[in-house]
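Protein chains in written order, with this note's numbering: chain A, 1 to 251; chain B, 1 to 200.
Bear in mind the hints are in silico, worked out from the structure with no lab data behind them.
Please note that the accuracy of each hint is not assured.
[Unchecked claim] FRET-style restraints, in silico, Cβ to Cβ:
1) B/V26 - A/G21: 27 to 35 Å
2) B/Q90 - A/K48: 34 to 42 Å
3) A/R60 - B/S37: 44 to 52 Å
4) A/L107 - B/H79: 29 to 37 Å
5) A/G202 - B/A57: 30 to 38 Å
6) A/S67 - B/Q90: 41 to 49 Å
[Stated by the list, open to error] If you want the ones that stay clear, here's a sample from chain A, every Cβ over 12 Å from chain B, calculated:
7) P89
8) V172
9) H249
The beta carbon of each residue, even a glycine, is placed where N, CA and C say it ideally should be.
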Amino acid sequence: MAVEGKTIDALSQFELSPVLGIFGDAVSFSQSNLFMVVAVALTFYLMKATADRGELVPGRLQALGESAYEFVAGMVRDQVGDDGRKYFPFVFSVFMFVLFGNMLGMLPYAFTFTSHIMVTLTLALVVFVVVTGVALSIHGMHFFSYFFPEGAPKWLAPIIIPVEVISYFSRVVSLSVRLFANMVAGHVMLKVFATFVVLLGGLGAVGPFVAAMPLAVNIALVGFEFLVAFLQAYVFAILTSIYLHDAVHLH
Amino acid sequence: MRRVMLLAALAATLPTIAMAASSSAVPVEGMPQLAFSHPEQGRLLVGQIVWQLLIFAALVYLMTHVALPRVGAVIEERHRRIAADLEAAQAAKAEADAAMSAHHAATEAARSEARTAVASAVQAAQADSDAKSAALNARLAAQVAEAEARIDAARATAMGAIRGVAADTAEALVARLVGRADRAKVDVAVGRALEASGRA
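Build out the structure end to end from the sequences listed, making use of the hints.
In structure tokens, the structure reads:
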């Protein structure tokens with residue numbers, strides 16, 4: 001399955017397939033979406049359990065939920081300031097969605113929905129639309145002064161304005177491609193080295209000893225992937241916070 | 001227990017989902033993430049986005065209106081409790097400090113009172129003993145003076161007697177040595193000798 005002829009098939013893990021039988025097929029509900037539902041359910045369960053316990057001295061699960069809350073709340077407060085409080089649930093949702101997407105992908109047989117460019121692009125577009133909407137609702141038409149920094153010489157406007165507009169729109173690309181590329185690269189590497197283990201393991205008597213090397217690489221990669229899974233969720237959330245800061249304060 | 005069963009059920013469904021994967025009739029060329037022209041993948045890719053928007057909207061709604069306000073309330077309540085406890089501790093500390101300083105002041109007052117009492121007692125005793133010793137000294141001085149006067153008198157008497165004895169002795173010595181003695185000359189000689197030795 002993983003090996004077709006002489007080529008290593010590292011990409012079939014990203015194929016979508018409908019779940020929930022006929023219904024899923026009819027509404028194009030793939031396993032990717034199922035894992036999104038799982039991620040949302042786990043996030044909601046974690047935060048609900050945290051709130052339900054509500055103890056003064058938190059237990060382990062409550063401490064986990066509260067540290068997630070305070071982690072993102074601190075991030076939003078540091079980046080956006082006190083005006084950012086009302087955007088905190090949005091940033092928290094983005095962070096938990098990406099974090100659970102990445103982390104669930106580390107489970108065997110699981111599907112990593114953040115390895116789909118359409119998913120990360122959609123999320124980045126949601127962030128972009130929300131951030132731009134926030135900026136427009138706070139500053140109105142004054143928002144467009146964002147594209148021309150105050151005090152810059154007027155004759156530079158033909159250069160500065162296009163550059164600023166392009167850099168503003170390229171946020172969507174950088175946000176989505178960064179997450180997508182990280183997740184795809186990690187999972188392809190895992191798959192490639194895992195395939196090496198199988199291929200080399202079949203080489204007669206020495207096989208198992210040679211196969212130990214890619215296995216060791218894979219063990220290291222798994223640890224590394226957990227780091228990347230957290231880091232990319234953090235990067236996505238902090239960039240969202242920074243963009244919100246720009247939207248609220250305009251520079 | 002319920003949680004464990006939930007997780008077990010979840011884990012059991014995962015392989016089924018994975019089995020369902022890679023079952024497409026038409027092989028996927030290139031990256032499945034970009035296989036928009038594939039008859040099944042293209043449809044699923046679009047469906048994925050629609051479902052993602054719905055699911056993410058649900059997440060944002062649940063977090064904004066259900067979960068996060070409650071978690072925030074729990075954390076807020078804890079901060080409030082800690083702040084109240086700290087305030088109470090601060091108040092108790094201030095009270096204890098006040099009691100402590102009052103205690104110190106009382107101790108200090110008692111100590112200074114005791115010090116003045118001791119000082120005045122010492123002063124009285126000193127004055128008393130000074131008076132006594134002055135009286136004693138005066139008496140002793142009087143006695144000493146009296147004794148000295150007596151000694152002077154006795155010495156004068158003795159000195160007067162020495163002249164007589166010396167003259168008698170000298171007269172007797174001279175009489176023995178030369179057979180006779182002129183009392184008047186002996187007296188003059190003795191007086192001269194005594195004068196020379198400073199005893200006159």
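Status of the hints after comparison with the structure:
no.: 1; hint: B/V26 - A/G21: 27 to 35 Å; result: 20 Å, violated
no.: 2; hint: B/Q90 - A/K48: 34 to 42 Å; result: 36 Å, holds
no.: 3; hint: A/R60 - B/S37: 44 to 52 Å; result: 49 Å, holds
no.: 4; hint: A/L107 - B/H79: 29 to 37 Å; result: 36 Å, holds
no.: 5; hint: A/G202 - B/A57: 30 to 38 Å; result: 48 Å, violated
no.: 6; hint: A/S67 - B/Q90: 41 to 49 Å; result: 28 Å, violated
no.: 7; hint: P89; result: 4 Å, violated
no.: 8; hint: V172; result: 14 Å, holds
no.: 9; hint: H249; result: 23 Å, holds
Violated hints, listed in ascending order, are 1, 5, 6 and 7; each of the other numbered hints is respected by the structure.
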